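**Student:** We have chain F; now place chain B onto it with these hints.
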Amino acid sequence: MMGETVKIRVDDRELEVQRGTLLIEACRAAGIEVPSFCYYPGLSLQAACRMCLVEIEKAPKLQTACTVPVTEGMIVRSNTEQVTQARRSMLEFLLGNHPLDCPVCDKGGECELQDMVFRYGASESRYGEAKRHVEEQQWSPVVYFDAPRCILCYRCVRVCDEGMGVGALSVVNRGVHTEIAPNHGDHLECEECGMCIDICPVGALTSGAYRYKARPWEMQYTSTICTHCGDGCKTTLSVRNNKILRGNNRDRSGINGEFLCIKGRYAYDFVEHPSRLRQPLIRRGRELVETTWEEAIGTVAAKWSEILARRNKAANNTLAETSEKRSEGFGVIGSNHTTNEENYLLQKFARTVLQTNHVDHHRTADYAALIHALANESAEQPSQAQRPPLARSKDIVGASAILLVGNNPTEQHPLIAWNIREACRLNGARLYIIHSRRIPLLRQSHRFLPLGLGHEADALRHLCGEPEATQALLGETPSGDNVTADLLNDFRNRLQEEKDVIVVFGDEITGPDVSLLIRMGSRLSGQTRYIALGDYSNSRGASDMGLLPHLLPGYRPVGDAAARAFFEDRWKSPIPATVGLSVDDMVAATLQGGMDALYVVGANPLKGRNPEDFCGKTFLVVQDLFLQETAQAADVVLPAASAYEKSGTVTNTCGELQRLRKAVGVLGTRTDLQIFASLAAAMGATLHPSQPEEALEEIRQMVPEYNIPLANVLAGGAEAVLNPNGFKPLAAPAETSGRVYSAQDTLFTSGTLGRFSNILNLVPERNIRKEPGPA
Amino acid sequence: MASILGGIVETVAALASGFKVTFRQMFRPTVTENYPDEAPNFQNRFRGLHVLQRDEAGLEKCVACFLCSAACPSNCIYIEAADNTAEQQISAGERYASVYNIDYNRCIFCGYCVEACPTDAITHGHEFELASYNVTDLIYRKERLLAQKTTTDQTAAGDPALSMPSGRNQSAS
Numbered sequence: 007m008m009g010e011t012v013k014i015r016v017d018d019r020e021l022e023v024q025r026g027t028l029l030i031e032a033c034r035a036a037g038i039e040v041p042s043f044c045y046y047p048g049l050s051l052q053a054a055c056r057m058c059l060v061e062i063e064k065a066p067k068l069q070t071a072c073t074v075p076v077t078e079g080m081i082v083r084s085n086t087e088q089v090t091q092a093r094r095s096m097l098e099f100l101l102g103n104h105p106l107d108c109p110v111c112d113k114g115g116e117c118e119l120q121d122m123v124f125r126y127g128a129s130e131s132r133y134g135e136a137k138r139h140v141e142e143q144q145w146s147p148v149v150y151f152d153a154p155r156c157i158l159c160y161r162c163v164r165v166c167d168e169g170m171g172v173g174a175l176s177v178v179n180r181g182v183h184t185e186i187a188p189n190h191g192d193h194l195e196c197e198e199c200g201m202c203i204d205i206c207p208v209g210a211l212t213s214g215a216y217r218y219k220a221r222p223w224e225m226q227y228t229s230t231i232c233t234h235c236g237d238g239c240k241t242t243l244s245v246r247n248n249k250i251l252r253g254n255n256r257d258r259s260g261i262n263g264e265f266l267c268i269k270g271r272y273a274y275d276f277v278e279h280p281s282r283l284r285q286p287l288i289r290r291g292r293e294l295v296e297t298t299w300e301e302a303i304g305t306v307a308a309k310w311s312e313i314l315a316r317r318n319k320a321a322n323n324t325l326a327e328t329s330e331k332r333s334e335g336f337g338v339i340g341s342n343h344t345t346n347e348e349n350y351l352l353q354k355f356a357r358t359v360l361q362t363n364h365v366d367h368h369r370t371a372d373y374a375a376l377i378h379a380l381a382n383e384s385a386e387q388p389s390q391a392q393r394p395p396l397a398r399s400k401d402i403v404g405a406s407a408i409l410l411v412g413n414n415p416t417e418q419h420p421l422i423a424w425n426i427r428e429a430c431r432l433n434g435a436r437l438y439i440i441h442s443r444r445i446p447l448l449r450q451s452h453r454f455l456p457l458g459l460g461h462e463a464d465a466l467r468h469l470c471g472e473p474e475a476t477q478a479l480l481g482e483t484p485s486g487d488n489v490t491a492d493l494l495n496d497f498r499n500r501l502q503e504e505k506d507v508i509v510v511f512g513d514e515i516t517g518p519d520v521s522l523l524i525r526m527g528s529r530l531s532g533q534t535r536y537i538a539l540g541d542y543s544n545s546r547g548a549s550d551m552g553l554l555p556h557l558l559p560g561y562r563p564v565g566d567a568a569a570r571a572f573f574e575d576r577w578k579s580p581i582p583a584t585v586g587l588s589v590d591d592m593v594a595a596t597l598q599g600g601m602d603a604l605y606v607v608g609a610n611p612l613k614g615r616n617p618e619d620f621c622g623k624t625f626l627v628v629q630d631l632f633l634q635e636t637a638q639a640a641d642v643v644l645p646a647a648s649a650y651e652k653s654g655t656v657t658n659t660c661g662e663l664q665r666l667r668k669a670v671g672v673l674g675t676r677t678d679l680q681i682f683a684s685l686a687a688a689m690g691a692t693l694h695p696s697q698p699e700e701a702l703e704e705i706r707q708m709v710p711e712y713n714i715p716l717a718n719v720l721a722g723g724a725e726a727v728l729n730p731n732g733f734k735p736l737a738a739p740a741e742t743s744g745r746v747y748s749a750q751d752t753l754f755t756s757g758t759l760g761r762f763s764n765i766l767n768l769v770p771e772r773n774i775r776k777e778p779g780p781a
Numbered sequence: 064m065a066s067i068l069g070g071i072v073e074t075v076a077a078l079a080s081g082f083k084v085t086f087r088q089m090f091r092p093t094v095t096e097n098y099p100d101e102a103p104n105f106q107n108r109f110r111g112l113h114v115l116q117r118d119e120a121g122l123e124k125c126v127a128c129f130l131c132s133a134a135c136p137s138n139c140i141y142i143e144a145a146d147n148t149a150e151q152q153i154s155a156g157e158r159y160a161s162v163y164n165i166d167y168n169r170c171i172f173c174g175y176c177v178e179a180c181p182t183d184a185i186t187h188g189h190e191f192e193l194a195s196y197n198v199t200d201l202i203y204r205k206e207r208l209l210a211q212k213t214t215t216d217q218t219a220a221g222d223p224a225l226s227m228p229s230g231r232n233q234s235a236s
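Residue numbers (my numbering), protein chains in the order written: chain F, 7 to 781; chain B, 64 to 236.
Source of the hints: derived by calculation from the structure; they are not laboratory data.
Just so you know, these numbers come straight off a predicted model, no measurement behind them.
The reader is advised that the hints may include incorrect statements.
[Said to hold, decoys possible] Each computed DSS-like pair below joins lysine-lysine, with the alpha-carbon atoms no more than 30 angstroms apart:
#1 F:Lys249 <-> F:Lys668
#2 F:Lys219 <-> F:Lys137
#3 F:Lys319 <-> F:Lys623
#4 F:Lys668 <-> F:Lys219
#5 B:Lys83 <-> F:Lys219
#6 B:Lys212 <-> B:Lys124
#7 F:Lys249 <-> B:Lys124
#8 B:Lys212 <-> B:Lys83
#9 F:Lys249 <-> F:Lys219
#10 B:Lys205 <-> F:Lys219
#11 F:Lys219 <-> B:Lys212
#12 F:Lys668 <-> F:Lys400
#13 B:Lys124 <-> F:Lys137
#14 F:Lys613 <-> F:Lys623
#15 F:Lys309 <-> F:Lys623
#16 F:Lys578 <-> F:Lys319
#17 F:Lys64 <-> F:Lys13
#18 B:Lys205 <-> F:Lys249
[As the list claims (entries may be wrong)] Ranges between beta-carbon positions, derived for each pair:
#19 B:Asn138 <-> F:Phe99: 36 to 44 angstroms
#20 B:Asn138 <-> F:Val182: 20 to 28 angstroms
#21 F:Glu116 <-> B:Val94: 50 to 58 angstroms
#22 F:Pro715 <-> B:Ala194: 47 to 55 angstroms
Note that beta-carbon positions come from the ideal geometry of N, C-alpha and C, so glycine has one too.
Chain F with its partners taken away, still in its complex shape (with noise of 0.2 angstroms):
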């Protein structure tokens, strides 16, 4: 929607720009150069550097470009010489400290104010005096800084309290002795996110992790999906020598522009962790001891022939099944870390090879649910709505209102967090929280609802106007906060009045909780949007692509012939018809010996069990990074790489589809693509395809929803998957089996993922902030 356009006269170029606009944008979106150090897009105004400096018919002095509004008629000229003067000036101002050591500098090549000197500064200085040296300091294991390097821009400081919400770091003292500190003393608590040192012009903060490692013009730049949260950032990985140095996102290309948190910039270090599984391991015994692939690969296919023969057998006789005791076959445990070409792979593997329905991952979110509330909801009301009802993770920046319920985003799902108050801050979007816990993000909230655990539904209950649920959350609640009566219906009014709200929810809400939660949203005037919050850089690809007991790709249902028949004839395979086993499910039976193989993939079932009790009571194939607990209990382990060691692509928790770009490989791993064409072709069977470009191939031609534009997320861009928007409703409602329930990640842990990863375990703030979610 264009406001009102004013005409301005910029170095005898007409322009005519939105009335408003700042003048430094107006010229850079011309094309005209306005140098500046302080200005930041999305950031509050400073004025601090005065390099963009202009002249303004009429205006006395020079303006800083970066404060003044275009006006109509306004006439301004960047290119005098009493402008060039200026700058050149005012960099002199800055190099009588700033200590001429770009050559040890990790800013060195890459360095806003070493550009700005080249360009606009004087060739040689006139100061003589001594320059001021203060001693590096180092402020957490991943930032350091360096006082005289500083030109005080203050975009640390902005980004840190305005961005990040944290505000961990602050200017102290006056005139010359003006510094930057952190906010204990002498050293930082606060995410450790390194937004600070990211957006830092020049070398004054610098990365621990990145510290003396490197050059800028001698990395290959590998750009592709962080593996950590669901959020799917896009970081750009810099590489030198096989050797991931750094992650960051300085074009600002991707969903998440140039955010990341500390695992999008600095977890990558667990790719050449010690404890990589770099070999297969075999059980002879008690002891897993180092094999070669083909002796593994030949080891799990010959078993796996034998137990298919052996079911087989049971089957047409039917009369041995009374006498043998009964047992579950196959079961397969995939993973929310892998592509979503392998996941497709797999489950197609498990149902055409394995033949099997026992195929399920670690649920972090209801999708399903959401998919089908959200089709049968479309169904009933024939949508006048423009827009698909699933948001996507820039939607929120662009909403009016945004409904939180469950979760802690601040911790489990940066991105969303940072976009949250990106929306309050600049939009002034109205944050409502229902929550059982005063989380981080209050200080942003225009109304919250306190509320005891698990009472989410009773809250969904109170919007939709149910008294007897308003009666259930009366009282003080646990995190101590009294629940009025007049709470409850301010909350619910607000809420009423809202024309375009985004409702963000964690895993309080599964199951027919979910479409308690469509059914509040419609009673909502305008449009309702909704994103699910799950774990994990590929939780969202996982089910879309089948890894699930009881849906096959794009959620149908196993149990329906239309669906199984249209999947049989592609894959010409039968598929078992019966709904299979959840993980809880799965593990259990394989406690009890009920499960002939077990094949776990980039997963870990068993954490916080022994590895001891499931040793022999199966057989056992783990393909993961490391030696966790389920791959202790393992018969084979298989290496696999992981996702910065491939390319493919993986869909983000609100359903965007982007593409991993191989950044370095890891001797002796293979992918987990490759290891299942492997496993099928020592079986003798055939799994197409055998590239992931291929199966993507496959996956746009069997799933309706990812048959998107793919231009965009080949161009390292990100593409919404489609929405289940006109999408024909499901006959049969979505079998809730299996838990769903997230992982409780904090900004400091990941998984499995974490545990390996030095400076996720470096960091201190790991020990204070143990728990996202409620103890």
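**Tutor:** Here is chain B on its own, set in the frame of chain F:
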């Protein structure tokens, strides 16, 4: 008769003009060098095997800024940098080169690295006999490139050959 006399004169004249060069050179200084029996004599600017210099205190001059490897047209310099610590001060700056390799399979002795160096740490020495039967021997590590540690008085006025890695008859440029 006349033709015989003429022949003698011509022969003598030819011998004289030929020996003129011989006799003239006989009294000039010798320029031929007796390599390999004697050491060759190089000009100061000769670009031979690199030497990583030390400062007056014996610390390494290299601060691992990677500018030499950036300037190198044949991409033969490999560096890894590390922090100087209070216990272990290797260079005068904040950082030093923990790994500094030059691959002499690739080096073309163009001297760009020497020009790029902001601390005059890398220089060309006069060592030149680098041939080897094994290519891996041609990857020189820092230990082979580094100047010998000397006391301060020696570096100032003493024998320049002392500062070379394997002292033949070079002098630092």
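**Student:** Are the Cα positions of Lys309 (chain F) and Lys623 (chain F) separated by 30 angstroms at most?
**Tutor:** 15 angstroms, holds
**Student:** Compare the distance between the alpha carbons of Lys212 (chain B) and Lys124 (chain B) with 30 angstroms, and conclude whether the hinted pair is satisfied.
**Tutor:** 12 angstroms, holds
**Student:** With a cut-off of 30 angstroms on the C-alpha distance, tell me whether Lys205 (chain B) and Lys249 (chain F) pass.
**Tutor:** 22 angstroms, holds
**Student:** Starting from Lys124 (chain B), check that the Cα of Lys137 (chain F) is at most 30 angstroms away, please.
**Tutor:** Measuring from Cα to Cα gives roughly 22 angstroms; hence the hint holds.
**Student:** Could you grab the alpha-carbon distance between Lys219 (chain F) and Lys137 (chain F) and see if it respects the 30 angstroms cut-off?
**Tutor:** 27 angstroms, holds
**Student:** Can you confirm whether the C-alpha distance between Lys64 (chain F) and Lys13 (chain F) stays at or below 30 angstroms?
**Tutor:** 17 angstroms, holds
**Student:** For Lys319 (chain F) and Lys623 (chain F), compute the direct alpha-carbon distance and say whether it is at most 30 angstroms.
**Tutor:** 22 angstroms, holds
**Student:** When you check the alpha-carbon spacing of Lys83 (chain B) and Lys219 (chain F), does it fall within 30 angstroms?
**Tutor:** 68 angstroms, violated
**Student:** Lys249 (chain F) and Lys219 (chain F): Cα distance at most 30 angstroms?
**Tutor:** Holds, because 10 angstroms separates the two Cα atoms, which is no more than 30 angstroms.
**Student:** Assuming the hint says 36 to 44 angstroms, is it satisfied by the Cβ distance from Asn138 (chain B) to Phe99 (chain F) or not?
**Tutor:** About 39 angstroms separates the Cβ atoms of Asn138 (chain B) and Phe99 (chain F), which means 36 to 44 angstroms holds.
**Student:** Taking 20 to 28 angstroms as the hint, is the beta-carbon distance of Asn138 (chain B) and Val182 (chain F) inside that range?
**Tutor:** With a Cβ separation near 44 angstroms, Asn138 (chain B) and Val182 (chain F) fall outside 20 to 28 angstroms, so the hint is violated.
**Student:** Run the distance test for Lys668 (chain F) versus Lys219 (chain F): straight-line Cα separation, threshold 30 angstroms.
**Tutor:** Holds, at about 21 angstroms.
In terms of the numbered hints stated before, the structure departs from hints 5, 8, 20 and 22, listed from lowest to highest.
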